[in-house]
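Participant: Chain by chain, the residues run as shown.
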Amino acid sequence: MEKIKLIIDGKEIEAEKGTTILRCAKDNGIEIPTLCYHENVALYGACGICTVEAEGMPKLLRACSQKVQEGMVIHTDSERVKKSRKIALELLMSDHTGDCLGPCRLNCPAGTDCQGYIKLIAEGKFREAVELIKEKLPLPASIGRVCPHPCETACRRQMVEEPISIAYLKAFAADKDLEENTFLPEIGGNTGKKVAIIGGGPAGLTAAYFLRIKGHSVTIFDAMPQMGGMLRYGIPEYRLPKKVLDKEIALIESLGIEMKNNVKIGKDISFGQLRNDFDAVVVAIGAWNSLSVRCKGDNLDGVMGGIDFLQKVALKENIEIGKKVAVVGGGNTAMDAARTARRLGAEEVYVIYRRTKNEMPAEEIEIEEAEEEGIIFKFLTNPDEITGNNGKVNGIKLQVMELGEPDSSGRRSPVAVEGKFENIEVDSVIMAIGQKVNVAGFEDIELNSKGIISADERTFRTNIENVFAVGDATNRGASIAIAAIGEAEKASKVIDGYLLGMEIPYRKPFVSEKEVTPEMFAEKEKLPRAKMPVRSVEERIKSFDEVNLGFREEDAVREASRCLECGCHDYKECKLIEYANWYDIHPERFKGEKNVHETERKLVSIERNNEKCILCSLCVRTCDEVVKKGILGLVGRGFRTTIKPEFEGNEILNFCKECGKCAEVCPTGALKIL
Amino acid sequence: MSNCNCPKSDLTLLEDVLGKYKNIPGSLITILQKAQEIYGYLPTDVIYHIAKETNTTPAKVLGVATFYTQFRFKPVGKYLIMLCQGTACHVNGSEMIEKTIKEELGISDGETTDDGLFTLKNVACLGCCSLSPVMMINEETYGSLTPEKVRKILSELKEAE
Amino acid sequence: MKIAVGQGSCGIAAGSMKVYNELEKFLEDKSSLTITGCIGMCFLEPVVDIYDDEDKLHRLVKVKPEDCELIARAVKENNFSLIENITISREDEEFLEKQTRIALRNCGKINPEIIDDYIKNGGYEAIKKVLAGMSPEDVIEEIKVSGLAGRGGAGFPTWFKWNAARNSKGEEKYLICNADEGDPGAFMDRAIIESDPHTLIEGMLIGAYAIGAKECIVYVRAEYPLAIIRLENAIKQAEEKGFIGKNILGTDFTCTFRIKAGAGAFVCGEETALIESLEGERGMPRLKPPFPAEAGYWLKPSNINNVETFANVAWIILNSGEKFSTMGTENSKGTKVFALTGKIRRGGLVEIPMGKTLRDVIFDIGGGIKNNGKFKAVQLGGPSGGCIPEEYLDTVIDYKELSATGAIMGSGGMVVMDENTCMVNMAKFFLDFTTKESCGKCVHCRIGTKRMYEILERIVSGNGKEGDIELLEELCMGIKDGALCGLGQTAPNPVLTTIKYFRDEYVAHITDKRCPAKECTALLKYTINEDKCVGCSLCSKKCPVNAISGEIKKHFTIDTEKCIKCGQCQSVCRFGAVEIN
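Protein chains in written order, with this note's numbering: chain A, 1 to 674; chain B, 1001 to 1161; chain C, 2001 to 2581.
So that you can see chain A by itself, here it is in the shape it has in the complex:
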């Protein structure tokens, strides 16, 4: 065979005459993307993704069909080529309807594959479920109990009746896994790099877990007596038994992570020292100081911060709160404080909140259980003055509020009703209105205007070369544990890259999302959400035993099978989304009419979703040319073209071999083998 010489992307290549550019590039390790080419079927040329530029040729060439020529100088990644591919992908995506990922996963700050593990739970594969969860989150038993579960907020099942109980299912699977045959990840070969992690809370533990898996040696330094951070010192026992947390931390430690407690930076060891001793330092110190409502009397004995209160309880310190307690705030910490106060023996516990129940940031179940436990809610009130006697709290004067105009966030802001006050007698006041970061010992780190550590949102870098920061201590300040975990997991990838000498900033992947309406689920059978069995109120208020009793296995499996499986089965293999992320596409520019199709199952063992079809016609050609059946055909033309098996009744059974070859070649998730 005659040989010719050409250059592809600056590389001199010898190729056989008659080879296509695509083939030739592939043989030389250069991947040219294509969606409609397959070696088993004839050339087609529809997708236009494989275009390349050849010097001296005015038009772009389709690499799948263009044969190499002597002396060709080809660029497979020039600006013009990239632009062309980008537009092609944007156009394709503008008529592609489907969810790459379920709303649960998209709304999870850590991007845990909820749909994936829910399905495994439904199949009774609990260990596999945990394995999947732990790709993103190393503390599922703990987080499953305490997470305010944005996944459930987004869950589409609520368009049918109620969301899937994703968080508790996670805790269920993780508990199962902790019982026996516990999953442990494989640890990569030793890289010789050392990472110090400051703070052993959810963020620090997560960063440690993933960096250790990559083969780095990891040490966690923590100022408290035990690891766990806010999970241990901010969340009461009745929500998260420390036994559970201990087990999960022990597992993480068992990976070979060194854990050093009672180490305070700037006191026991200097920050500079750590930076010198370790290749990278991760600051995950959280936000441990309580904010206070500044009012008269806030310095009286008996006034304390919510976080401080919970911490003291966790440390089993002796605290006097009296019989009547006012908790100021409407978040989960306020609920935790109020319910803890109740368990400590307080008879009257008030929650003072400026807005109404509807605006409360605390979770509904927390509010509900607090109400059950006899907590008294004083909505539309705000502390005006804390009164005292002999320097000790004896009451609180409340300003009565009303809701005014909505603010920029859409929440109606509370306004004082002039001259209207209310007084209640209390023995102590707990201020649970927010947390702030304590950066003592980290003086070199640059802070933002709010006094919070400033870290790049894509590289997690601080102003100091080898120092990274994640979690509550950074940028926007305190948030929920899963958000800190998500940051830590993303940061671990960046830090791993950094340690190996690469800069790989985090980039939010592009995903296709479908707009849905409740009408689309009108036909779905209503299956109520599994209710978590709980301890009786009487029992609850007497002890710190866990309120939730946990799902029974059959309930968990049944609950998991309610999942609508919104995300695409093909996400991991989908070439369309892979390429979309190569070229940073913005299909919303071309937003327009989309073809609407019903998902159909005419092909017996194959489900066809034409809304995801990109008309590469590989299925049609494979059925024609490889299987030699010709069951599928293109119907109509232009924008309305679709692919259909056009058969009546049971005719299809006589034709379709159910070989599944069509689904195998589909570059997207339009075809699914059932």
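These are calculated hints, taken from the structure and not from any lab test.
Mixed in with the good hints, there may be bad ones.
Below are the BS3-like pairs computed for lysine-lysine, each with C-alpha atoms no more than 25 Å apart in a straight line [said to hold, decoys possible]:
hint	chain 1	residue 1	chain 2	residue 2
1	A	594	A	493
2	A	594	A	628
3	C	2144	B	1022
4	A	531	A	514
5	B	1099	C	2300
6	C	2518	B	1099
7	B	1099	C	2513
8	A	594	A	86
9	C	2246	B	1020
10	A	524	A	514
11	A	657	A	672
12	B	1052	A	629
13	C	2300	A	17
14	A	17	C	2288
15	A	591	A	86
16	B	1149	C	2541
17	C	2525	B	1102
18	C	2064	B	1099
19	C	2525	A	59
Keep in mind the model is a prediction, meaning the values are calculated, not measured.
Add chains B and C to chain A, keeping to what the hints say.
Facilitator: This is chains B and C only, laid out in the frame that chain A set:
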């Protein structure tokens, strides 16, 4: 056609056409054109029959039939109004003509009046550009149309019924 | 005496069949009555040509059936002054006099249904000459010398294609005529087949001989029933005379003909799509390479030319390629036929040597704008072409020069527009066309043209956004680069040229929500001029949505909230009081 829920067309009418063309490769479009001449449109059972006789699959036959605008899958009205969509017609006001037809008959492109009398079809340039705007009703071409002229033509056809 | 009634499709549509029937009724010597094809003076249809006994031509125009009795009398009395009022004017005669007709040389002169008419006019002499002593190479050389290029649009040198097909290995080769004239606004191919089918047959025979094909196929679009009938008839007659079939004119040359009727798909004008359609498939373009010259119809070497290209071939053989090449410019030789339509005074078929200007065609031959309107733009090349503004009217007709404007020569559709034509709407019109005609195979054309259409649609309906022009431009470039076939690659041209030359109009729609041509309904505002309104209330009675109110004999006003901009008030007002802003 075992359990097919389609119309029962007289398939014997196709015998001559199939006899003549089915063994000539590449004749599918011709066969479909002849079939449409016979039945006025392409009923589902006819498509199936053609697929069977030409040794291909219904998916393929339908694929070809739906590609070309000439083929219809529903019976058309007694009067098929083909409204030219050419450039000259556009420049000379075919949009007004279409609007007038819609107003008069209450049908849009591709639709048939309830009485089965008229079908409106927008077609590619009829090549009578000097007479634009133009429409054809069955075999007859009407040129230099104005809304008034269209109303008159349509009412005359209606009255003739 | 010969009386020939022009019976092309346009003539028939204008009523020439009725004229023929009436003449047959009144004429004494019915044998003198005959038909002819289309002379190309569409604006004067129906046309009746009377050749008197001295063979002098009396051309009657816009003939009505009621004129026929008088015509018969004039013929009988040999007194043509009787019908002077329907005789063509001196001015209108110039329409033909200023043309140079090669491809159209017999159109409107001979009876297309009678082969002898063609033969009498030198028909089939060229094939005789070829078969008598020219080798296929000689033929290709002659075509090469002539400089003939594809008249279907691309302007690719004909000899080159013939040569490639000739040199392709294979016993079986095909010569295909693309008569799928799909460009809206072009109808010269239809006119040639209807008026002079043998010219096409002869040209194709010569081409078949040159490339070594034994089978000729004419792919005619379904919308041309008369052309199909006339061509079928012509093939039959040519077979009877021995011009088609085995051992043509006693030589070894054997060639058969057949017609394949298209079924309505513009994309089949693209040669590989046409081949797919000939094979009975969906007309979706194939990837090139391989080119049809190597692997075309049934993957055999095939050559495809359009009707007008073939119509020049016999003339070139008889008159020499050199003579043909003396006409035209450096890059473009010979003549080109244009279908002149739109807001033009004298519309019809115009054949002129390359090298003339657009102004020559539109003003000198076409007589300028209808109803004394003002010229705004001319659209060349249909959906693949572009709109050229007044400042480029002196552009020379030449493949290269026209491409430089952003338009293309195309198949010769020339649609003239006046100031009442909105250029954004025009672009939308073409994109509507392309979207409907896109085969749907490649992404850029299937979705890209749809998105362009949607953006244009929102602009003309008053919902255009800042940045839309730039977005359109970006999309245009993307589609040009990425589309699979010529239809897709050229689909952005109408948008690009209108943006290039009429950007202001786009801006007016987007920023000012105003349509300068007053064509885009959504952007119009109807008002009643107080000074002109006499309060007759006619408009208010006619208004279908009761948007007009007022007191009789005082003036009326339009509630713009209610107004649906149907324009009925304006059409009924006798005082011109309804104004559009």
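Participant: Which of the numbered hints are not met once you compare them with the structure shown?
Facilitator: The structure breaks hints 1, 2, 3, 4, 5, 18, 19; every other hint is satisfied.
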